[in-house]
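Chain by chain, the residues run as shown.
There are 4 protein chains.
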Amino acid sequence: MLKIYAIGGYSQIGKNMTAVQYNDEIIILDCGFWMEKIMSYEGEENAASLPVESLYKYEIVPDDRKFFEEHGKQVKAIFSTHAHLDHCAAIPALAGKYKCPVIATPFTIEVIKRLASERKEKMPRLIKMKEGNFFEVSKNVKVEFIHVTHSTIQTVIIAVHTPDGIIVYANDWRFDENPIIEKKTNYARLKKISKEGVLALITDSTRVDDESKTFSEATVRSMFLDILPGVNNKKNLLIVTTFASHIERIRTILDMAKKLNRKPIILGTSMSNYINAAEKIGVTNFSKEAQIVRGEKNINKIMRKINKNRGGYLIICTGNQGEPNAVLTRIARNEFDLNLMPKDAVIFSSRTIPSPINIAQRADLERKLRNKGVRIITDVHVSGHAGREDQREMLEILKPKHYIPTHGGMVKLASAVDLAGEEGYELGKTSHILQDGQSIVLIK
Amino acid sequence: MLKIYAIGGYSQIGKNMTAVQYNDEIIILDCGFWMEKIMSYEGEENAASLPVESLYKYEIVPDDRKFFEEHGKQVKAIFSTHAHLDHCAAIPALAGKYKCPVIATPFTIEVIKRLASERKEKMPRLIKMKEGNFFEVSKNVKVEFIHVTHSTIQTVIIAVHTPDGIIVYANDWRFDENPIIEKKTNYARLKKISKEGVLALITDSTRVDDESKTFSEATVRSMFLDILPGVNNKKNLLIVTTFASHIERIRTILDMAKKLNRKPIILGTSMSNYINAAEKIGVTNFSKEAQIVRGEKNINKIMRKINKNRGGYLIICTGNQGEPNAVLTRIARNEFDLNLMPKDAVIFSSRTIPSPINIAQRADLERKLRNKGVRIITDVHVSGHAGREDQREMLEILKPKHYIPTHGGMVKLASAVDLAGEEGYELGKTSHILQDGQSIVLIK
Amino acid sequence: MLKIYAIGGYSQIGKNMTAVQYNDEIIILDCGFWMEKIMSYEGEENAASLPVESLYKYEIVPDDRKFFEEHGKQVKAIFSTHAHLDHCAAIPALAGKYKCPVIATPFTIEVIKRLASERKEKMPRLIKMKEGNFFEVSKNVKVEFIHVTHSTIQTVIIAVHTPDGIIVYANDWRFDENPIIEKKTNYARLKKISKEGVLALITDSTRVDDESKTFSEATVRSMFLDILPGVNNKKNLLIVTTFASHIERIRTILDMAKKLNRKPIILGTSMSNYINAAEKIGVTNFSKEAQIVRGEKNINKIMRKINKNRGGYLIICTGNQGEPNAVLTRIARNEFDLNLMPKDAVIFSSRTIPSPINIAQRADLERKLRNKGVRIITDVHVSGHAGREDQREMLEILKPKHYIPTHGGMVKLASAVDLAGEEGYELGKTSHILQDGQSIVLIK
Amino acid sequence: MLKIYAIGGYSQIGKNMTAVQYNDEIIILDCGFWMEKIMSYEGEENAASLPVESLYKYEIVPDDRKFFEEHGKQVKAIFSTHAHLDHCAAIPALAGKYKCPVIATPFTIEVIKRLASERKEKMPRLIKMKEGNFFEVSKNVKVEFIHVTHSTIQTVIIAVHTPDGIIVYANDWRFDENPIIEKKTNYARLKKISKEGVLALITDSTRVDDESKTFSEATVRSMFLDILPGVNNKKNLLIVTTFASHIERIRTILDMAKKLNRKPIILGTSMSNYINAAEKIGVTNFSKEAQIVRGEKNINKIMRKINKNRGGYLIICTGNQGEPNAVLTRIARNEFDLNLMPKDAVIFSSRTIPSPINIAQRADLERKLRNKGVRIITDVHVSGHAGREDQREMLEILKPKHYIPTHGGMVKLASAVDLAGEEGYELGKTSHILQDGQSIVLIK
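Protein chains in written order, with my numbering: chain A, 4 to 447; chain B, 4 to 447; chain C, 4 to 447; chain D, 4 to 447.
These are computed hints drawn from the structure, not numbers from a lab.
Treat the hints with care, as some may be off.
Derived pair list, reagent style PhoX-like, types lysine-lysine, alpha-carbon separation capped at 25 Å [claimed, not checked]:
{"id": "1", "chain 1": "D", "residue 1": "LYS40", "chain 2": "A", "residue 2": "LYS371"}
{"id": "2", "chain 1": "D", "residue 1": "LYS346", "chain 2": "C", "residue 2": "LYS194"}
{"id": "3", "chain 1": "B", "residue 1": "LYS375", "chain 2": "A", "residue 2": "LYS402"}
{"id": "4", "chain 1": "B", "residue 1": "LYS346", "chain 2": "A", "residue 2": "LYS346"}
{"id": "5", "chain 1": "D", "residue 1": "LYS346", "chain 2": "C", "residue 2": "LYS346"}
{"id": "6", "chain 1": "D", "residue 1": "LYS346", "chain 2": "C", "residue 2": "LYS187"}
{"id": "7", "chain 1": "D", "residue 1": "LYS346", "chain 2": "C", "residue 2": "LYS404"}
{"id": "8", "chain 1": "A", "residue 1": "LYS262", "chain 2": "B", "residue 2": "LYS187"}
{"id": "9", "chain 1": "A", "residue 1": "LYS194", "chain 2": "B", "residue 2": "LYS238"}
{"id": "10", "chain 1": "A", "residue 1": "LYS238", "chain 2": "B", "residue 2": "LYS187"}
{"id": "11", "chain 1": "B", "residue 1": "LYS346", "chain 2": "A", "residue 2": "LYS194"}
{"id": "12", "chain 1": "B", "residue 1": "LYS432", "chain 2": "D", "residue 2": "LYS447"}
Since we're looking at a predicted model, the values are computed, not measured.
Please model the entire structure based on the sequences and the hints provided.
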């Protein structure tokens, strides 16, 4: 018997958590935060360090309480697909009680470790497994990591091999034909397991209503090449803001700094954390090319240096969503020894995540920048999530018997089911809408 | 005395026509159609061949009647910036009465010639002048063509040199840092005339409310490289639709065909006309690489051939706006011997021009394609018009005394004036909103 | 055993058709057109008179072919809730083959009769049944008509009484607390059957994503009272356009004409048809108060009369969606002996139905009117469909065991399921998403 | 010589201030806050009590510094049209230095007095003048108050009579044909001064791009009558939130409370302030019908009483924009002894003002309410500002020689100029776009 439990991520975009049961054995796939809830939490302490009960109460973590009560002892292992917080950040708080190992790619494990250390939580055994490898959960259940492209490195598709067929869990991903650091998605392996027989595909539907293909990191590089000549001059400050975990994007920005003969300065805790993780596992060596600075005092020191030679540096930092404590937002509020001036330029290598709080914070940041005469270039970005045509291709490659979209709201899931309908799937028979807390037994 | 007459293009996007007067001598800059009016004209004949009175009545051409009556005899020359119909297509119908030569780049002249031949109109003297050259209108007035990048080839910025200063007319343009066929914009020359003293800049404000920089043709190439692997297979039909006049884009698509080992077939009268014009002047030689087919019978013949080897060809055609008589629309209506099938793919290398009639026609086309199971990829495109940050850069390069945006509606012009305000211009003193039919005397 | 067949209206908004089976007996509820398909059909003949095969092919009618083959002989009766074409217009073409009577309210029957006469179709037995009455299909199945408010008169909710419980079919409706002609919804009866036990509610989800309550016809009356003083003068033409079937709205407009001392003139075939139907059954007597004119010649005659005394009349006509052959559109194209002039006013007592073809046609109509200097007042209207809070109230009144939204696309159904979730229903257990062609057995 | 100075409100929506000069004498019209700046000001003190320098710095008040320096001594009187803060709230801080009286209607004067007392500012002489009266500024300049309808009471249009013609200043207004408390706009007087000759109309363009007529307060009453039956039950809490200054709206809500047999409770400082002002001048006597409660302790006391008999009360309060310290927002945050429960209902008799900060705060409030199962009804509202057709009517009634829209951004002003163009005005000649800090001499 094969059963899927939708624990989190099926009723909202965030706090992903799915369980797969084969007969008496269960594995958990992903265990993350609902980021929007963190942002609207306004307590005095850091949301991430709240006691577990509060994390449940504020809906920051998936509600696995009923599931744990009924099935906790059957869980043999926990896997995480990648290092984004909505897929792994709840592991320090929730994984311990399952008394089983946590398996992820090296980069993801490094990020989980840091999260755990901030929380001062005792962690279960963390196991690093590279893409292409298998983890034998039991005689019947084997878990494989298949390389896929996404907006952070070492992301994998998880294939759960069972005697009744393969469950493919692809959450999150895009098909990038021209990646910057990593290889392309392992299409050959996907085609291979398709022939072995995929019973179900569980997949990220965040952008399934975007009627196109998601473009590549190479396209972002091309956008930068277009933009930079116009905003670069010998005396102005140049700031690029992006997501801290987006190692490939930071790679591109470092290349741009070199092209402009500006020294790259990476600022802030969050960025430095992710870059450290990437360096620890030997994937990148950004600290050789760029100065990475964290801590109030150090940042202010470098700011004063930059201020004396504004055309000599390129600042890379967070704040692209207007987050109140991010470096860029603080620069805009004049909290450092660096003043923005007319003709300085800020490039947003990101897209505003469309929740009201983000939109308001970002608008406020832009207003502050414009009031100082700063030039703003937005949307130098491509998404990390698969568009509708990528989704279609995934279906055509894997030819799963069952299709289960995750990353809801209903409206996203409904759009995913529409697409599956175009490919011959029928709702309730071979395509399925699950909500958090529901489960489904899959029929071969 | 320097005076600007806003004849057309200041109250709508289309039918551009401006006149510049120095003392007793006048020159005309551009003379085009209002494309939207053509599309909503539903008479039985071709709108382009209507008698002049009807062209005025249906607002297809700029209303120069009052201007002609009062100033017709003072007009010494007519110049056109480029080959788009909203900048040159009214020349065959309106230029004759001015009894003066028409000067444009070779490509533009070829397009005007063809338009004139369709209209069976007797044309005034047509003079080809390459970028970088001057036309001496009189002792006092000299007109220079300065190369600029845009979405058709041989587009120029026109600089009118007078004893009272230089009038720069930049309509339309973008700053493309990585063009495909032509060189970059002649920034050196722009900086030079800035030092000589630019009295006024008249410039295209179509996308001035887009708060970014317009990306390059190179970015489109990068988008194609992302998309093609996913939609190309050995048996499917592959169709790319774009604007007929967009020679650089067609160049990119031909390169893609080569990459995919598909033979490119260019279909339809409009595309073949523009390509012929480009070949006549020796800029491209597409007919060596691609089969260019026009005429019902010939198209059907090649369609039957394609149908037997669907994976062997790449079709390039018009129809990206869902125009009822364009090749793609007719393919979708099964009017040729070629049937669309599931997994065939149509790539729109364009953007839907947002007028209601276009939106409806395009939606109808997409519906017809989807009903056949065809994959659709949209927006593989960058605009040909300058975004807000390009506009700002142009202002900073030229430092004109006066700023006059064209390409209205009011709301576009107002947004342009806002931008100029950020750069220190004051409405009514140094930045000016003109409406069709108005004029302004410029103060040094 | 109780089973619901979703034949049409569950995958799109239009061509409604549902069947309810109790053991061996089946009844059909509604059988209508997909209006969008009619509008985009561009054949030479009238879409409504196409042969049945073509109606299927162009998706104008619900596809009941498989259902008929398997269950046709079990169908005992066909019911229609109201006179809108998406609920009854397919009856003339499809009902005959079921060899059973068609039951509806008197107004609806009159409309079906006219549709049948246009189609020259032999009809099955038509039975008029007033609200509040029961039709005994068999010993076990009794069908009740319960009065509900909507945007046409004599609309009913259908309650199917069976030994296993009651199926309530409410499609379409709104809760209007201040109706103009009819009484309020029969809440008392709804509360009564709620106590008897409602097994399932099948209901219209067209506006379930509109987070409010739908306002009343009385609100429209209030809007008219606000607007009229400003657009009425002694010499100008005053035109109000609305939906032909909206008898209550026309009642309001006639009252307004009286208030303004203008003689109301109702123009066009469609309006006159619906008004005739309403008069035949004795609900209204508009022809006593207004002149109702149809036929090219008659219309032109009255137009000439109006032209001589423009301030003396109020024209009521169709064309609010910009339909090419509607009276208003033809007035705007100067096809009658009546010229529009500056200060004439057109009031749209309607909302543009948001399909691309409607949007384009309506925009074109408005442009034509504005070019003539006509004043336009739009959106003097409230919807005929229940908003989210009405939907919630219906759920709370009826407390059905199962909830089945109809009127899709997926996205609408998903939003309805979201609402049901807020009220305690669980997808897949007590709330259900059906697609055209699917069926579900209901568990008590 | 007649000259208009655009001091504030011409480059943004807020901080209105205009001056009119006839030869050597000047009067000031309105002097208000920029509300958006107040909301985004996050200092520790109340923004309204900041020192004047800070009010200038944060752009909360119009920048009249240069104007004062050059023309301060010529100012003979200051007038305010109505009690909204963007029209009168800067008077306590800025008016003193002009050493002249401040004239407004009694209600407005009461509001200014309270604002001054909060600021502890010494005020110039405040003069109450009723609509219909004249204030003789000098032999040549007479100022008349003409009654107009708006969303607060005792709003006037100001007519400045001079030997060179009349300047009409209408800022803000709507034409309400069915007002609740006050009379209709004094159309007779407007027509009369039109005949005397209006040299210029300066008017509010906030909603000039809304292509309709603004509906009446009577329409809101009708909306309430539709909504209340569905959300009222014997046990639930019923809360209506609206703008504190909207006396007519509160009148309607009190009537609704009576209809429902619920005792109305008006909560909060802001509401009680405006109601007090209205009672002081004898226009209303709400405290006879409703309990008006302010102060933390009193509010909590009444909350406990309400909690025991939830179906017995109707709460009227502020918070419709989600303002963090408004009563409704605090109820939603559980800061009072009153818990929201499922089926409680909150009616927003308002519209979200579309600035990012409002949108985010309102979304957050709605989320909090929904999490508690509260029913939300939004947009039971009509605007207080004139729509495009009202604007047109004002132009046709007054037939001013010059048209000067205020209430910008550029895009609003541009749309107003478009409308004026339709009515025969020409930009730069008879219609004028002014920006803050500009002035214009009017030619007869």
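Against the structure, the hints come out as follows:
1. D:LYS40 to A:LYS371: This hinted pair holds, its Cα atoms lying about 12 Å apart.
2. D:LYS346 to C:LYS194: Between D:LYS346 and C:LYS194 the Cα gap is close to 18 Å, so the pair holds against 25 Å.
3. B:LYS375 to A:LYS402: 21 Å, holds
4. B:LYS346 to A:LYS346: 49 Å, violated
5. D:LYS346 to C:LYS346: With Cα atoms ~49 Å apart, D:LYS346 and C:LYS346 exceed 25 Å; violated.
6. D:LYS346 to C:LYS187: The hint holds at about 23 Å.
7. D:LYS346 to C:LYS404: Judged against 25 Å, a Cα distance of about 20 Å means the pair holds.
8. A:LYS262 to B:LYS187: 18 Å, holds
9. A:LYS194 to B:LYS238: OK: A:LYS194 and B:LYS238 at ~19 Å, within 25 Å.
10. A:LYS238 to B:LYS187: 24 Å, holds
11. B:LYS346 to A:LYS194: With a Cα-Cα distance of about 18 Å, the restraint between B:LYS346 and A:LYS194 holds, given a limit of 25 Å.
12. B:LYS432 to D:LYS447: Cα-Cα ~22 Å, so holds.
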